[in-house]
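Trainee: Chains as they are written, first to last, in this note's numbering: chain A, 1 to 116; chain B, 1 to 111.
In short, the hints are calculated from the structure, not lab data. Remember, it's a predicted structure, so these values are computed and weren't measured experimentally. Quick reminder that beta carbons are idealized off the backbone N, C-alpha and C, glycines included. Some hints could be false.
To be verified - Looking from chain B toward chain A, a few residues come up when the C-beta cut is under 7 Å (computed):
hint: 1; residue: ILE43
hint: 2; residue: LEU46
hint: 3; residue: PRO79
hint: 4; residue: ASN97
Said to hold, decoys possible - With a straight-line cut-off of 25 Å between C-alpha atoms, the simulated SDA-like cross-links for lysine to any residue are:
hint: 5; chain 1: A; residue 1: LYS11; chain 2: B; residue 2: GLY40
hint: 6; chain 1: A; residue 1: LYS57; chain 2: B; residue 2: ARG93
hint: 7; chain 1: B; residue 1: LYS54; chain 2: A; residue 2: LYS11
Said to hold, decoys possible - If the Cβ cut is set under 10 Å, some of the chain B residues that face chain A in the computed set are:
hint: 8; residue: ASN10
hint: 9; residue: ALA13
hint: 10; residue: PHE18
hint: 11; residue: PRO39
hint: 12; residue: GLY40
hint: 13; residue: VAL44
hint: 14; residue: TRP94
hint: 15; residue: VAL109
hint: 16; residue: ILE110
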Amino acid sequence: GAGVSQSPSNKVTEKGKDVELRCDPISGHTALYWYRQRLGQGLEFLIYFQGNSAPDKSGLPSDRFSAERTGESVSTLTIQRTQQEDSAVYLCASSLSGGGTTDTQYFGPGTRLTVL
Amino acid sequence: KNEVEQSPQNLTAQEGEFITINCSYSVGISALHWLQQHPGGGIVSLFMLSSGKKKHGRLIATINIQEKHSSLHITASHPRDSAVYICAVRFLRWKDNQFYFGTGTSLTVIP
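So here's chain A without its partners, still in its complex pose:
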């Protein structure tokens, strides 16, 4: 079956503009994660959705960042008033459930965001 897909694959924007990134998780996966990876650095957790529970937003770096998920399907990550430090690859991952050793995460290809 299809894996996790993300769109767009690349996004170049001007400082101050808003951007919206999309993630389509694997069908049936209740858990969805957003991560950020800056150039040459490790993965940073941003936000976690699990079913209909309130999302864990503890990783969002500022109030310019927000994310939504429609049920157990598509998620969008929105960055308002983008800054140059927002430039990074934004990765989405999904898993069948939200915990336990069966909770393998499947990663999407990422969206490379460049803020000029």
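Fit chain B to the supplied structure of chain A, relying on the hints for placement.
Mentor: Below, chain B alone, put in the same frame as chain A:
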């Protein structure tokens, strides 16, 4: 100080060598994840474990809960194994759902 430490940071090996990458963490975990990130950026899950040992092909992952340590071994290494290997853990902490990542080990296998 990062709660998840990996070593070595960089590793170069000759084809055929046995490779070990280490991951240590600070407190109790519910799960530990080994990931592989290829030069193009794609991330693949290798193992998810909470105890013992798992094997898949030439890859072996072990975890010692008491010592808070995991190792990823690659037997008979091949140039296609060249990638960044990342350890990620979910801690046993109330309402802490996220995965914490090590900084990665960059492996280069020379033919």
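Trainee: Report the numbers of all earlier hints that the structure fails to satisfy, in ascending order.
Mentor: The structure breaks hints 2, 3, 7, 8, 9, 10, 11, 14, 15, 16; every other hint is satisfied.
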